[in-house]
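Undergrad: Guided by the hints, dock chain B onto chain A, whose structure is given.
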Amino acid sequence: AQSVTQLDSHVSVSEGTPVLLRCNYSSSYSPSLFWYVQHPNKGLQLLLKYTSAATLVKGINGFEAEFKKSETSFHLTKPSAHMSDAAEYFCVVSDGINQGGKLIFGQGTELSVKP
Amino acid sequence: GAVVSQHPSRVICKSGTSVKIECRSLDFQATTMFWYRQFPKKSLMLMATSNEGSKATYEQGVEKDKFLINHASLTLSTLTVTSAHPEDSSFYICSAGGQGVGNQPQHFGDGTRLSIL
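From first to last, the protein sequence lines stand for chains A and B. If you count by this note's numbering, then the first sequence holds residues 1 to 115, one letter each, in order. If you count by this note's numbering, then the second sequence holds residues 1001 to 1117, one letter each, in order.
In isolation and in its complexed conformation, chain A is listed as follows (with noise of 0.2 Å):
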């Protein structure tokens, strides 16, 4: 069975800070792995995915995400934290990326963006 772990509920950083959200995954095989950002009252967007390629996987708004096996782990990351980004991430594992697969989401991350 597949599942996602989030290590922090909520994490807060101050403008123009690094950005580092955990996510911990456990798959019987080789994963599909996405991180969606939500505001408030919002649908997802997608920021990120991992398929196999390159294990660095560069993202919208100036995110990437590191896929390390060994620690099955797949670690969210902003160089700079902008007020805009201030929102709740999910780190979502798929059990197939063709034609819509089942997604396992993580409990979600609450990012606060301090001025």
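Treat each hint with caution, since some may be false.
Said to hold, decoys possible - List time: in silico DSS-like cross-link candidates among lysine-lysine, alpha-carbon distance up to 30 Å:
| hint | chain 1 | residue 1 | chain 2 | residue 2 |
| --- | --- | --- | --- | --- |
| 1 | B | 1055 | A | 102 |
| 2 | B | 1055 | B | 1042 |
| 3 | A | 58 | B | 1042 |
| 4 | A | 102 | B | 1064 |
| 5 | A | 68 | B | 1042 |
| 6 | A | 58 | A | 114 |
Unchecked claim - Covered stretches of chain A, as calculated for chain B (at least 3 residues, CB under 8 Å):
| hint | stretch |
| --- | --- |
| 7 | 38-51 |
| 8 | 106-112 |
As the list claims (entries may be wrong) - If you want a taste of the chain B side facing chain A, the calculated C-beta under 10 Å gives, among others:
| hint | residue |
| --- | --- |
| 9 | 1006 |
| 10 | 1034 |
| 11 | 1091 |
| 12 | 1111 |
Hints in this document: simulated from the structure, not taken from any laboratory. We treat Cβ as the ideally placed atom computed from N, Cα and C, and that holds for glycine.
TA: Here is chain B on its own, set in the frame of chain A:
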């Protein structure tokens, strides 16, 4: 632009009312659509998987007679909350599976905030 349109964005109604939420895929055919429920400060909980032309597959613990799902075409799935009660108040999000834009696994709607008085 949005590839999945969810309507309405907000509903407020009296207890006992049935509420229908629509999820449309724009510019692509979605053979599979998913319905999620999200409680405040919580993650998304998959309620059911809707396949075009067949019965939906409900997750364990989700009442199929309470949450009726219809996926009659490749671009439209509907979720009807029957005889809604205050405990059904929640944020409901749909997604459509398919290649669509950017080869994403699922494209999400903007959600429906359901409030039952």
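Undergrad: None of the hints should be skipped; say for each whether it holds.
TA: Each hint, compared with the structure:
1. Proximity of residue 1055 of chain B to residue 102 of chain A is assessed by CA-CA distance (about 16 Å); at most 30 Å being required, the pair is judged to hold.
2. This hinted pair checks out: residue 1055 of chain B and residue 1042 of chain B have alpha carbons roughly 28 Å apart, not beyond 30 Å.
3. Restraint check: the Cα-Cα separation between residue 58 of chain A and residue 1042 of chain B comes to about 26 Å, which is no more than 30 Å; the hinted pair holds.
4. Annotation: proposed proximity of residue 102 of chain A to residue 1064 of chain B holds, straight-line Cα distance about 19 Å (limit 30 Å).
5. Restraint check for residue 68 of chain A and residue 1042 of chain B: the C-alpha separation of about 27 Å stays at or below 30 Å, so the hint holds.
6. As the CA atoms of residue 58 of chain A and residue 114 of chain A are separated by approximately 24 Å, the hinted pair is consistent with the 30 Å bound.
7. Proximity of the stretch 38-51 of chain A to chain B, defined as three or more residues with a beta carbon under 8 Å from a beta carbon of that chain, is established by the 7 residues found.
8. Counting residues of the stretch 106-112 of chain A whose CB falls under 8 Å from any CB of chain B gives 4; the rule of at least 3 is met.
9. A distance limit of 10 Å between C-beta atoms decides the matter here; for residue 1006 of chain B the minimum to chain A is near 7 Å, and the interface restraint holds.
10. The beta carbon of residue 1034 of chain B comes within 7 Å of a beta carbon in chain A, closer than 10 Å, and the hint placing it at the interface holds.
11. Hint on residue 1091 of chain B holds. Least Cβ distance to chain A is approximately 7 Å, under the 10 Å limit.
12. Evaluation of the residue 1111 of chain B hint against chain A yields a held restraint, the C-beta minimum of about 5 Å falling below 10 Å.
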